[in-house]
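*Asks:* According to UniProt numbering, the sequence shown is numbered sequentially starting from 1.
No lab work stands behind these hints, which were simulated from the structure alone. No incorrect hints appear here.
Computed Cβ-Cβ distance ranges for the label pairs, DEER-style:
1. S50 / N94: 13 to 21 angstroms
2. F44 / E117: 29 to 37 angstroms
3. G76 / E114: 12 to 20 angstroms
4. A33 / V67: 28 to 36 angstroms
5. S66 / E95: 33 to 41 angstroms
6. E117 / S66: 36 to 44 angstroms
7. S84 / K47: 16 to 24 angstroms
8. S66 / A33: 29 to 37 angstroms
9. S50 / L82: 17 to 25 angstroms
10. S73 / F44: 18 to 26 angstroms
11. K85 / S49: 15 to 23 angstroms
We put the beta carbon where it would ideally sit given N, CA and C, even for glycine.
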Amino acid sequence: MHKYIAAISIIFTIIFAGCQMESPVDTSTNFEAQNEATVLIEDFSYKPSSITVRVGATVIWIQKDSVRHSVTSNEGVFDSGLLSKGISWNYTFNEAGTYDYYCIPHPYMKGTVEVVE
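Given these sequences and hints, build the entire structure.
*Replies:* In structure tokens, the structure reads:
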């Protein structure tokens, strides 16, 4: 009987200690403005599809799909051209505003960069 009580005590101690541990913050999905950000192009989507960065921040898109994609501004502000798998492209946002973008071959792929002061 004492063995079972000891085992249960150890299990509860481990569970309780695990609940007290602090988890790291994933800044890629943090809603605070960032000075730099990375967006993955995979599974026919931009991940994350919406980010917020500060004026002067550089956003890096990394193409991970086997088919070519683009990062093309709706307003004609930037265009990566077609990116093959393993290629990255970046753009520095020097003015505040909302920048919507899409993929030319796959126009249902959409993303937004919000640039704040």
